[in-house]
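Please put together the full structure from these sequences, using the hints given.
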Amino acid sequence: DKSEKKRLEDVPIVQNFPEVFPEDLPSLPSTRPVEFQIDLVPGTASVARAPYRLAPSEMKELLEQLKELSDKGFIRPSSSPWGAPVLFFKKKDGSIHGPHDRVCKPYLDKSVIVFINDILIYSKDEKEHEEHLKAILEFLKKEELYAKFSKCEFWIPKVQFLGYVIDNQGINVDPAKIESIKDWAYPKSPTKIRQFLGLAGYYRRFIEGFSK
Numbered sequence: 001d002k003s004e005k006k007r008l009e010d011v012p013i014v015q016n017f018p019e020v021f022p023e024d025l026p027s028l029p030s031t032r033p034v035e036f037q038i039d040l041v042p043g044t045a046s047v048a049r050a051p052y053r054l055a056p057s058e059m060k061e062l063l064e065q066l067k068e069l070s071d072k073g074f075i076r077p078s079s080s081p082w083g084a085p086v087l088f089f090k091k092k093d094g095s096i097h098g099p100h101d102r103v104c105k106p107y108l109d110k111s112v113i114v115f116i117n118d119i120l121i122y123s124k125d126e127k128e129h130e131e132h133l134k135a136i137l138e139f140l141k142k143e144e145l146y147a148k149f150s151k152c153e154f155w156i157p158k159v160q161f162l163g164y165v166i167d168n169q170g171i172n173v174d175p176a177k178i179e180s181i182k183d184w185a186y187p188k189s190p191t192k193i194r195q196f197l198g199l200a201g202y203y204r205r206f207i208e209g210f211s212k
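Going left to right, the sequence shown walks through residues 1 to 212 as full-length UniProt numbering numbers them.
Listed below are the simulated DMTMM-like cross-link pairs for lysine to aspartate or glutamate, each with C-alpha atoms no more than 25 Å apart in a straight line: (1) Lys141 with Glu128; (2) Lys158 with Glu9; (3) Lys192 with Glu208; (4) Lys151 with Glu64; (5) Lys141 with Glu130; (6) Lys134 with Asp24; (7) Lys141 with Glu126; (8) Lys127 with Glu19; (9) Lys134 with Glu19; (10) Lys192 with Asp174; (11) Lys158 with Asp125; (12) Lys158 with Glu138; (13) Lys142 with Asp24; (14) Lys72 with Glu35; (15) Lys148 with Glu138; (16) Lys124 with Asp10; (17) Lys148 with Glu58; (18) Lys6 with Glu128; (19) Lys158 with Asp174; (20) Lys151 with Glu138; (21) Lys192 with Glu179.
Hints in this document: simulated from the structure, not taken from any laboratory.
Structure follows, in structure tokens:
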């Protein structure tokens, strides 16, 4: 278990920013500079789906999470005519399961790549990486954005990211993706053909004459 092998206080630079890696969210964040709303087309009827049937274990988990979120002030009771059923899914760590690009904008494509909720910090050497890592952690702390320490990796010479393996030698195809392409079943429908071409085309930069 990676979370058992590493401790925040043992990681250089990171050890100075425990606020970015709380065990649990302390409170609601401050008001964001960007607010979102959904504008409805005039005359649109509200939609309220009936809840799905849940197993006893799922219902227990749901009630516990609702109570915890309510106690913290993250949610409140609502009588909205709109409603959607709860849907559980497993996260990679086995538990039940935006603004990063704006926050990291000064560093995007210079020392940082952001993809949804993933932040990749890259540098030429350890000294430069120390500066980059510190700068991003300061940004996250200032903006009250948090990370889960057990899901983070620091000071690594090689990383798998978006289907690529990146190290000091450059960018290469993730070997697991190569196996996926090699083991792909013979496509027997237009949809399956498009799916295969989509996966293979993602790596066209590595395949000479791919368009032929």
